[in-house]
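**Student:** For this one, chain C is given, so just place chain F on it according to the hints.
From first to last, the protein sequence lines stand for chains C and F. Per the numbering used here, residue 1 is the first one in the first sequence, and the count goes up by one each step. Per the numbering used here, residue 1 is the first one in the second sequence, and the count goes up by one each step.
Everything labelled a hint here was simulated from the structure, so no lab data went into it. One should not assume that every hint holds.
For lysine-lysine, the following BS3-like pairs were computed, each having C-alpha atoms within a straight-line distance of at most 25 Å [stated by the list, open to error]:
# : chain 1 : residue 1 : chain 2 : residue 2
1 : F       : Lys107    : C       : Lys9
2 : F       : Lys111    : C       : Lys7
3 : F       : Lys187    : F       : Lys113
4 : F       : Lys113    : C       : Lys7
5 : C       : Lys258    : F       : Lys227
6 : F       : Lys227    : C       : Lys7
7 : C       : Lys7      : F       : Lys187
8 : F       : Lys111    : C       : Lys9
All of these numbers come straight from a predicted model, not from anything done at the bench.
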Amino acid sequence: MRINREKIKKQLTPYALLSLSFILIVLFKVYPILYALWGSFFKRVAGGVMQFAGFENFTMLFKDPDFLNSVWMTLKFSIIITPLQVVLAVGLALLLNRNHVLVRATRTIVYIPVAVNMVVASTIWNLMLNPSSGIINSILNVFAIPSQPFLTSPDQAMYVVMVICCWKGVAYWMMFLLAGLQNINERIYEAGRIDGTNAVTELFLLTLPLLKNPLIFVLISDSMINLFMFVPVYLLTSGGPQGSTNVLMYEAYRSAFKFSNYGRSYAIITVLMFITFIIIGIQFWFLRDKDEPRTNKRFRGVS
Amino acid sequence: MIQTKTRFSVFLNIFYTIIVLVVIAVTLLPVFFAVSSSLRSDAEIFHYATPLSLHTFIPVQLTWDSYSQLFVEYTFWRPVLNSLIVATATVLLGFIVNALAGYAFAKFDFKGKNVLFLIYLFSFMIPFEMIAVPLYKTAEIFNLIDHYSAMVLPMAANGMIVFLYRQFFMDIPDSLMEAATIDGAGKLRTFFQIIVPVSKPVIISASLMLFIKQWDAFLWPMLATTKPAMKVIQVAISEFTLEFTILWNIIFAATVVAILIPACVLLPLQKYYIKGAAASGLKE
Chain C
1 MRINREKIKK QLTPYALLSL SFILIVLFKV YPILYALWGS FFKRVAGGVM QFAGFENFTM
61 LFKDPDFLNS VWMTLKFSII ITPLQVVLAV GLALLLNRNH VLVRATRTIV YIPVAVNMVV
121 ASTIWNLMLN PSSGIINSIL NVFAIPSQPF LTSPDQAMYV VMVICCWKGV AYWMMFLLAG
181 LQNINERIYE AGRIDGTNAV TELFLLTLPL LKNPLIFVLI SDSMINLFMF VPVYLLTSGG
241 PQGSTNVLMY EAYRSAFKFS NYGRSYAIIT VLMFITFIII GIQFWFLRDK DEPRTNKRFR
301 GVS
Chain F
1 MIQTKTRFSV FLNIFYTIIV LVVIAVTLLP VFFAVSSSLR SDAEIFHYAT PLSLHTFIPV
61 QLTWDSYSQL FVEYTFWRPV LNSLIVATAT VLLGFIVNAL AGYAFAKFDF KGKNVLFLIY
121 LFSFMIPFEM IAVPLYKTAE IFNLIDHYSA MVLPMAANGM IVFLYRQFFM DIPDSLMEAA
181 TIDGAGKLRT FFQIIVPVSK PVIISASLML FIKQWDAFLW PMLATTKPAM KVIQVAISEF
241 TLEFTILWNI IFAATVVAIL IPACVLLPLQ KYYIKGAAAS GLKE
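Pulled out of the complex, with its shape left as it was, chain C reads as follows:
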């Protein structure tokens, strides 16, 4: 009898240890997702009652030019900035992968934007990019470039947001790639040099393939973050001028909290979720441990 109770207690221990975090994750991560999925099939009718609406929210969305514009803006933003950030991060990692006192000091400096929050970064850049008295225009003037309208121009606003995101984000991604570079054994390069590699072939045939895992991680995480880019748009452009920065996340926010149209907001979020799950699926597929028996053994529990 007593032994039995001990045994049950032993079996329950791991669940007890997990319970707190599990409750929090279910309540605040899983439940909201299901809530959004569920809510996207409802619409508000007279009197504030939610009524089942089938796919109406979605069919309305895909007929809505505002929504279609913001799909396009989100795609445009993601497709340009993600490769840009990854290439810059790789370049920066290669640049700073040297063991010299000054290079290490530079690395610390380069990490500074990582510690600067997006709200703060947007705020500072906003004042620097002020068309009439910002210093960026003063700097451009020195190089005989006329003053630019920046965030007030529908042609430039999106690219300005990209610049701010790059300033803030590149060093963060560099961190993972630098850690990856430092894991590469120096002997591989020596062996390569014997086989006659030069700087270019070394980069493409040795370094990048050996960086595959951190690169995939960075690429996927970065594209996810960019898909949900919100803060600079909320703070600096409110989706404008003329909808030129109206990304999906901002449109979802606006639907819910400006127009109280939660059904539409959840439908937009469901669309974003759908894209996200595809990206997560791709990540799992790429990172599945098929050709690394050592990792496989250790991570059997995961994959």
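**Tutor:** Leaving out everything else, chain F in the frame of chain C:
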């Protein structure tokens, strides 16, 4: 032959140095400009803004006025304090919740382990923005809006940090724990007396990550609180930007405060933060 080679490498070194200097300049420009502008009067910022001169960057008359105005007139101490409260509470709760989960995944075998671990991993891949709108409704249901707990609870459990703890705990030899079990210590006591004391590095990096995450939190605190007295620092700064009446030197002073406080925490512990971030990314 040798000479051309050295000349080429000298050229390469100069080229390298120039690129590094440009990177440093671009990185530091906004931060430096914010610091220098926060130490001068608003009129002076505008007077020297254009055309570019030395005094665009270097104040003529140094003054702390913007900081005293920021904290006294704009009561900026309140959002700073709120952020510190929320971040500290999250770090403490996060330690208990995530470390215990990491312990369970690292040192126990149980039914459903793989599925549960996948759920945890999956939960950390979900960008917070995605659930912000429905989370608002969830918080409303539990009556959390306008409570500190609304900002703490959704951030405390973090799949990535559970993962970090798990990785670290897996490397602690079982023999260490068995000795304690023979002595009659329960699993929980083993955890606090044997595991926690040897896990300082992972505890530091996990705590730093949660602290920074909360210090940076913006969208969720903005949605979850409506009382001005509960504003956190990022929300307060965003309001400075959205209202066009605040003087520039005061906005810059606020951004400098927002950068300096986490930097003071992060710089001495940088090593742990980077290690933690890298470990969570590389999964090895």
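**Student:** Confirm or reject each hint.
**Tutor:** Right, here's what the structure says about each hint:
1. Lys107/F - Lys9/C: Given that 25 Å is the threshold and the Cα spacing comes to 16 Å, the pair holds.
2. Lys111/F - Lys7/C: holds, 15 Å
3. Lys187/F - Lys113/F: OK: Lys187/F and Lys113/F at ~18 Å, within 25 Å.
4. Lys113/F - Lys7/C: The given pair, whose Cα atoms are some 18 Å apart, holds under the 25 Å limit.
5. Lys258/C - Lys227/F: holds, 18 Å
6. Lys227/F - Lys7/C: Violated: Lys227/F and Lys7/C sit about 51 Å apart, past 25 Å.
7. Lys7/C - Lys187/F: Within the cut-off at roughly 13 Å; holds.
8. Lys111/F - Lys9/C: Since the Cα atoms of Lys111/F and Lys9/C sit roughly 14 Å apart, the hinted pair holds (cutoff 25 Å).
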